[in-house]
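Given the coordinates of chain A, work out where chain B should sit on it, guided by the hints.
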Amino acid sequence: MELIQVYECARCEKQFVQRKWICPNCKNNEFLKKNISGEGRVFSHTTIHVSTKEFSHLTPYSVALIELSEGLRVTGRVTDQVAIDDKVKCISYFDNTYVFAKC
Amino acid sequence: MNKVAVSGLGITPFGKHENTSIKTLLMDACLDALREANFPKIDAVYIGNIMSGSLCNQEILGAITVNDLGLGSIPAVKVEGACASGGIAFRQAFLMIQNGEYENVLIAGVEKMKHATTEESTRAINAAMDNDSNEKHAGLTFPGFFGMLANRYFYETGASKKHLAMVALKNREYAMNNPIAQFKKPTSLEEIMNARIITDPLGLFDCSPTTDGAVAIVLSKGEKGVIVRASAQASGRTQLQEAEDILSFPAIKESANRAYHIAGLGPEDIDVVELHDCFSMTEIIAIEELGFFKKGSGWEAVELGLTKHGGKAPVNTSGGLLSKGHPIGATGLAQIYQIVSQLRGTSCNQVEGANIGLAQNLGGTGAYSTVHIFEGVN
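From first to last, the protein sequence lines stand for chains A and B. Per my numbering, the very first residue in the first sequence carries number 943; after that it's consecutive. Per my numbering, the very first residue in the second sequence carries number 8; after that it's consecutive.
Don't read these hints as lab results, they were simulated from the structure. All C-beta atoms in this analysis are idealised placements derived from N, C-alpha and C, irrespective of residue type, glycine included. Careful: at least some of the hints might be erroneous.
[Claimed, not checked] Straight line, CA to CA, 27 Å or less: simulated BS3-like cross-link-like pairs of lysine-lysine:
1. LYS1044/A with LYS192/B
2. LYS995/A with LYS121/B
3. LYS995/A with LYS23/B
4. LYS1044/A with LYS143/B
5. LYS976/A with LYS143/B
6. LYS969/A with LYS260/B
[Claimed, not checked] Computed footprint of chain A on chain B, listed as stretches where at least three residues anywhere in the stretch have a Cβ under 8 Å from a Cβ of chain A:
7. 9-16
8. 97-106
9. 141-154
10. 242-249
Bound conformation, chain A alone:
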């Protein structure tokens, strides 16, 4: 299983999947990089049938919003057809892309 890299505010400990420059929660500007578990459940999903050229070789493909076990949500590609609440885990991270598969 791949871990998910997050940015954690050095003061209030709020976590973000993407970098922030100022914490919207406490206005601090220092963050620590951390790795958290890549396990979670599908919060929502869609299968994309019309894409850009960049993704045409994959089309149709599924993208899902995953709620990780620690509560943070992350958007990633999923290898199978999924339904809301399905248990998934992150199986790869490459080129800023998280890929999840059903457990």
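Chain B in isolation, oriented as in the chain A frame:
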């Protein structure tokens, strides 16, 4: 502070303008608006547009407008706020008149998209998302964002694809009476529900089309005709994964609340509404966020026909983005065009006795929202 009134309107047909340049579309709409306003001395120009650079290799639309309309050396600005570019341009012009800097301002929105391939236009529209993010790299498209919302909305409420289709059908039926609308062909719930899937569960009729078109409005210092009762704008999330509640658009809610507060009005006072149905799903969420229906109940209001004539407040009597068309930078102004026409009593699908109207324009995946409230004053 000055009161501000709409003194001129201009619009081109929406659809495909194969042999007309983006400049000509823009100028045609502007000339109509200026003519209706009786050619006042214009003090500034604001243009709403997002993809003239990426799809037409044409910028400086502001200065071109000033030059080709012989407006002298007045200042001009192009405003980009994704699909809310038009609404934001309108708001900037309004504020400048309200605060006494200008007396007459020409605002125009334009987009020319139909000549591009679907892949090219999808890419250009994706510029309205945060592309330096893992969401973009996962392959999430603009429609895909709203597909994810729809699947979650179905899960949390009793809504289904049929309710999305009811929104699309209502807007098509309104568009059939709008002479400038892109899609005027009759359709049915069955055809809408069986159309090819763009991004599950959204089919072709659930997604606004690419459109060529332009709209222009002249705003002037004044108290008669249709006046601007409130102008408000808010920013919201730029990534789905950062939304606390993916079925809420805080920018819509915040801009609406500010506008209601400024006008001293509430949703119950609104007679007619144009809102941002970039997808059928978005209309259902917007009627909730604007306060017309409780959160999670918009689909029931659609089923009961409360968003049509005879309901609570008719929504998107122009046909909306779904069927009137969505020339992105012009859309916010096209909504205002329809509301002003309703309050003048000259609109297609006229709402009898409409006196207060609201226009809500969304940009990106909830990144921007403007709300304007208008009143007809005799």
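Straight-line alpha-carbon gap LYS1044/A to LYS143/B, limit 27 Å:
22 Å, holds
Does LYS143/B lie within 27 Å of LYS976/A when you go C-alpha to C-alpha?
22 Å, holds
Tell me whether the statement that chain A covers the region 9-16 of chain B is true, taking a Cβ distance below 8 Å and needing three residues at minimum.
n = 0 at 8 Å, threshold three: violated.
Straight-line Cα separation of LYS969/A and LYS260/B no greater than 27 Å?
Cα-Cα ~24 Å, so holds.
Would you check the hint for LYS995/A and LYS23/B, treating anything up to 27 Å between C-alpha atoms as holding?
23 Å, holds
Does the alpha-carbon distance linking LYS1044/A and LYS192/B stay inside the 27 Å limit?
At roughly 43 Å apart (the allowed maximum being 27 Å), LYS192/B and LYS1044/A break the hint.
Please verify the coverage claim for the region 141-154 of chain B: does it have three or more residues whose C-beta sits within 8 Å of some C-beta in chain A?
It holds, with 10 qualifying residues against the three required.
Within the region 97-106 of chain B, is the number of residues with a Cβ closer than 8 Å to a Cβ of chain A three or more?
violated (count 0)
Is the straight-line distance between the alpha-carbon of LYS995/A and that of LYS121/B 27 Å or less?
17 Å, holds
With a Cβ-Cβ cutoff of 8 Å, does the region 242-249 of chain B contain at least three residues near chain A?
Result for this restraint: holds, n = 4.
Of the numbered hints stated above, those contradicted by the structure are hints 1, 7, 8, listed in ascending order.
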